[in-house]
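Trainee: Okay, here's what each chain looks like letter by letter:
2 protein chains.
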Amino acid sequence: MQAGKPVLYSYFRSSCSWRVRIALALKKIDYDTFPVHLIKDGGQQFSEEFQTLNPMSQVPALKIDGVTLTQSLAIIEYLEETRPTPVRLLPQDPKKRASVRMISDLIASGIQPLQNIAVLKKVGQETQLTWAQSVIGSGFRALEQVLQSTAGKYCVGNEISMADLCLVPQVANAERFKVDLSPYPIINRINKTLLTMEAFQVSHPSRQPDTPPELRA
Amino acid sequence: MQAGKPVLYSYFRSSCSWRVRIALALKKIDYDTFPVHLIKDGGQQFSEEFQTLNPMSQVPALKIDGVTLTQSLAIIEYLEETRPTPVRLLPQDPKKRASVRMISDLIASGIQPLQNIAVLKKVGQETQLTWAQSVIGSGFRALEQVLQSTAGKYCVGNEISMADLCLVPQVANAERFKVDLSPYPIINRINKTLLTMEAFQVSHPSRQPDTPPELRA
Numbered sequence: 001m002q003a004g005k006p007v008l009y010s011y012f013r014s015s016c017s018w019r020v021r022i023a024l025a026l027k028k029i030d031y032d033t034f035p036v037h038l039i040k041d042g043g044q045q046f047s048e049e050f051q052t053l054n055p056m057s058q059v060p061a062l063k064i065d066g067v068t069l070t071q072s073l074a075i076i077e078y079l080e081e082t083r084p085t086p087v088r089l090l091p092q093d094p095k096k097r098a099s100v101r102m103i104s105d106l107i108a109s110g111i112q113p114l115q116n117i118a119v120l121k122k123v124g125q126e127t128q129l130t131w132a133q134s135v136i137g138s139g140f141r142a143l144e145q146v147l148q149s150t151a152g153k154y155c156v157g158n159e160i161s162m163a164d165l166c167l168v169p170q171v172a173n174a175e176r177f178k179v180d181l182s183p184y185p186i187i188n189r190i191n192k193t194l195l196t197m198e199a200f201q202v203s204h205p206s207r208q209p210d211t212p213p214e215l216r217a
Numbered sequence: 001m002q003a004g005k006p007v008l009y010s011y012f013r014s015s016c017s018w019r020v021r022i023a024l025a026l027k028k029i030d031y032d033t034f035p036v037h038l039i040k041d042g043g044q045q046f047s048e049e050f051q052t053l054n055p056m057s058q059v060p061a062l063k064i065d066g067v068t069l070t071q072s073l074a075i076i077e078y079l080e081e082t083r084p085t086p087v088r089l090l091p092q093d094p095k096k097r098a099s100v101r102m103i104s105d106l107i108a109s110g111i112q113p114l115q116n117i118a119v120l121k122k123v124g125q126e127t128q129l130t131w132a133q134s135v136i137g138s139g140f141r142a143l144e145q146v147l148q149s150t151a152g153k154y155c156v157g158n159e160i161s162m163a164d165l166c167l168v169p170q171v172a173n174a175e176r177f178k179v180d181l182s183p184y185p186i187i188n189r190i191n192k193t194l195l196t197m198e199a200f201q202v203s204h205p206s207r208q209p210d211t212p213p214e215l216r217a
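Protein chains in written order, with full-length UniProt numbering: chain A, 1 to 217; chain B, 1 to 217.
Bound conformation, chain A alone (with noise of 0.2 Å):
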């Protein structure tokens, strides 16, 4: 790894590293994947190395500018206010903003803690299925309602914002753990939308140096 390049600390399938990835693919920001498995060897990110970098035994983490950041909301926003070019995340208008970090945040808190595989493995084998689609249908409920008064071509307005970051790792998991997205047609338009930009598809699971070769697309 070369010397001072950023280290994004990241999973194929974590959707909280796609956000992270996705963020730095929008900003052009070259970097090396650090892969951390989180099935493998009893979850790498166990490991003593990887919790010194985050106690939380979460990825993403990112080395950069000298520093290791942490949650992914946290470095989304570190990124913004030390590269706000070429493309900006966030509105400048302050209530514009609040839009953008509400369903960020619905997403971020409301919806995938509760269906991260930390959760899951609490909740035993037999009714995670269930209840991951019932967290994922209540917070896309909710979401679908908020679209509808924010929304334009992405989650807020016209221009893509941190809010589409969360989006489109969350209707990832949500195909994964099949849950049904015909009563949420504007998740549905504005996902499959953000998925034909090219940040969004060098970031996908499927393209990833950890993805197995038989998830690769």
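Source of the hints: derived by calculation from the structure; they are not laboratory data.
For every residue, glycine included, the Cβ atom is placed at its ideal position computed from N, Cα and C.
No false leads were slipped in.
Rough simulated footprint, nothing fancy, chain B against chain A, three-plus residues with beta-carbon under 8 Å:
hint, stretch
1, 56-64
2, 74-80
3, 93-101
4, 108-114
5, 138-150
Distance ranges between label pairs, derived from CB positions:
hint, chain 1, residue 1, chain 2, residue 2, range
6, A, E198, B, K40, 50 to 58 Å
7, A, D210, B, T52, 39 to 47 Å
8, A, R189, B, V67, 23 to 31 Å
Guided by the hints, dock chain B onto chain A, whose structure is given.
Mentor: Structure of chain B alone, referenced to chain A:
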């Protein structure tokens, strides 16, 4: 209620509502409280009226400047951007801002959602206490380790920040679930320091308009 005065939809015991109450107190923003009882009537957050305000059926929601905001951290960021004085809740330096947001997100995405009322109801009465103790315990172990490198008098250095607004209400939850705090000396010390401040006292669950008489300070 006075026209133009902000209205906070709040539940005395909700840790997310408390975060926002502290922000409003620190920034000396006068507001009315509209209590939403999360238990009574099967949960008033599920009423049609409240779901129009917040489709996620969660407190807090804040009516301010002609809009209704939800998600506590999005609300606090909005208050910070529109009312930076008299107390700033985010430092100026981007790396310190990232530390504040990392700690805030660790609590707001990594701990609180896993032990809120809705999840504990799903978990079931018999196991909800051990579940809550376990998720708060893992979160606090990580948080204590993070604070070893960020904390001064408060969570990040010697200036109060959004991270502190997340810490105190989460410690109150921990106490309610009888989590032993002795393994977390830094969390404990910062919490005690903050609880001596007026903004944390007036916003305390024991002093809200909807606090039941038997729980009043």
